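Engineer: Residue strings, one per chain:
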Amino acid sequence: MQPAWVDYNGHMSESCYLLAFGDNADAFFRYIGIDEHYRAAGHSLYTVETHLRHLREAGEAAPLSMTLRVLDHDDKRVHVFHEMFLGDSEELLATAEQMLVHVDSRAGRSAPMPPDIALHLEAIHRAHAALAVPAAVGKPMRIRRG
Amino acid sequence: MGESPVPFSTYRTEVRNEWLDYNGHMHDASYGIVLSDANEELFEVLDLSADYRAASGASFFTVECHIRYLAECSLGEMLSATTIMLAADAKRVRLYTEIRREDGRVAATGDSVYLHVDVAIGKTVHMPPDRHDRVQDMLAAHAGLPRPATLGLGVGAARA
Chain A
1 MQPAWVDYNG
11 HMSESCYLLA
21 FGDNADAFFR
31 YIGIDEHYRA
41 AGHSLYTVET
51 HLRHLREAGE
61 AAPLSMTLRV
71 LDHDDKRVHV
81 FHEMFLGDSE
91 ELLATAEQML
101 VHVDSRAGRS
111 APMPPDIALH
121 LEAIHRAHAA
131 LAVPAAVGKP
141 MRIRRG
Chain B
1 MGESPVPFST
11 YRTEVRNEWL
21 DYNGHMHDAS
31 YGIVLSDANE
41 ELFEVLDLSA
51 DYRAASGASF
61 FTVECHIRYL
71 AECSLGEMLS
81 ATTIMLAADA
91 KRVRLYTEIR
101 REDGRVAATG
111 DSVYLHVDVA
121 IGKTVHMPPD
131 RHDRVQDMLA
141 AHAGLPRPAT
151 LGLGVGAARA
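First to last, the protein sequences are chains A and B.
Heads up, the first sequence stops at 146 in our numbering, and the numbers go up one at a time, no gaps.
Heads up, the second sequence stops at 160 in our numbering, and the numbers go up one at a time, no gaps.
I should point out that these hints are in silico values taken from the structure, not numbers from a laboratory.
Just so you know, not all the hints are guaranteed correct.
What follows is a list of derived Cβ distance ranges for each label pair [unchecked claim]: (1) B/Gly144 <-> A/Ala111: 37 to 47 Å; (2) A/Ser89 <-> B/Asp89: 40 to 50 Å; (3) B/Asp37 <-> A/Ser65: 39 to 49 Å; (4) B/Asp133 <-> A/Ala62: 12 to 22 Å.
Going by beta-carbon spacing under 10 Å, a handful of chain B positions derived as facing chain A [as the list claims (entries may be wrong)]: (5) Ser36; (6) Thr62; (7) Ala157.
All of these numbers come straight from a predicted model, not from anything done at the bench.
For glycine and all other residues, C-beta sits at the position ideal for the given N, C-alpha and C.
Starting from the given sequences, assemble the full structure and let the hints guide the process.
Structural biologist: What follows is the structure, encoded as structure tokens:
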């Protein structure tokens, strides 16, 4: 965790969770071929929705590790779930559920992914389908009492 | 508490250079900054912000936030926010926020739950009675406002 991410309470500020999960998504999408070159050629992925849950505080300089799984996808959309852990421990700090859409940046509208990327995503989705779906997925926001 | 507009709608900001991504549009995390700053202004009006934190050692922490990204924002554009207090009890406040561009289009919505935390012990605690009353006054003032259709839907549900 970077010093610039810390708020007045000495904790990681909210938007920095978005930055960290954004970096995690970026690392994954680079892995399947969506990088600067891909974006420069006119297509990209835009986040359309993010649902963050903060479970534990992270202090300054805390080591963070993250996982990402593909929950679902179609030719234009990818639904992912991130988990953020304290270092290599199993202490879960935060989760993020996100929907991303593949867009033609110049036309400014959604567009199908090219076959090579779609196939790669499909293989990963199949592998991740063996994992249990986290309880938080698809849960709407509400005040939980008691 | 002084008179505050219903819904709460005083926040304004210009899109800053450091909020942009490589495409010249506002980055995902920057929408989070704007939503969070807009809601902080509401907490200030309730005297539940920085001065309160310094005096009481308690503060509101976000536990959950659901953002929908609806439109791009560009450098220098003026954004405004409208916030509805959806729910609140002695320890929790839930706010729904819409960020609007100058052309009136909603750029993002945020649905956030905050917990009132004693910072030293790291535990959720009740608000003092005077602050609780202010929160309940705002909740009552906002009770008649229409609720957005997407409220309470999970990720992906609004577009299915």
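Engineer: Against this structure, judge whether each hint is valid.
Structural biologist: A quick look at each hint next to the structure:
1. For B/Gly144 and A/Ala111, the Cβ-Cβ distance of about 43 Å falls inside the hinted range of 37 to 47 Å, so the restraint holds.
2. Checking the proposed 40 to 50 Å range against A/Ser89 and B/Asp89 shows it is violated: the Cβ atoms sit about 33 Å from each other.
3. For B/Asp37 and A/Ser65, the Cβ-Cβ distance of about 29 Å falls outside the hinted range of 39 to 49 Å, so the restraint is violated.
4. Restraint check, B/Asp133 to A/Ala62: a C-beta distance of roughly 38 Å breaks the suggested window 12 to 22 Å.
5. A cut of 10 Å between beta carbons decides the hint on B/Ser36: the least distance to chain A is about 5 Å, and the hint holds.
6. Interface hint status for B/Thr62: upheld, as the beta-carbon distance to the closest one in chain A is roughly 5 Å, under 10 Å.
7. The interface hint given for B/Ala157 is met, as the beta carbon of that residue sits about 8 Å from the closest beta carbon of chain A, less than 10 Å.
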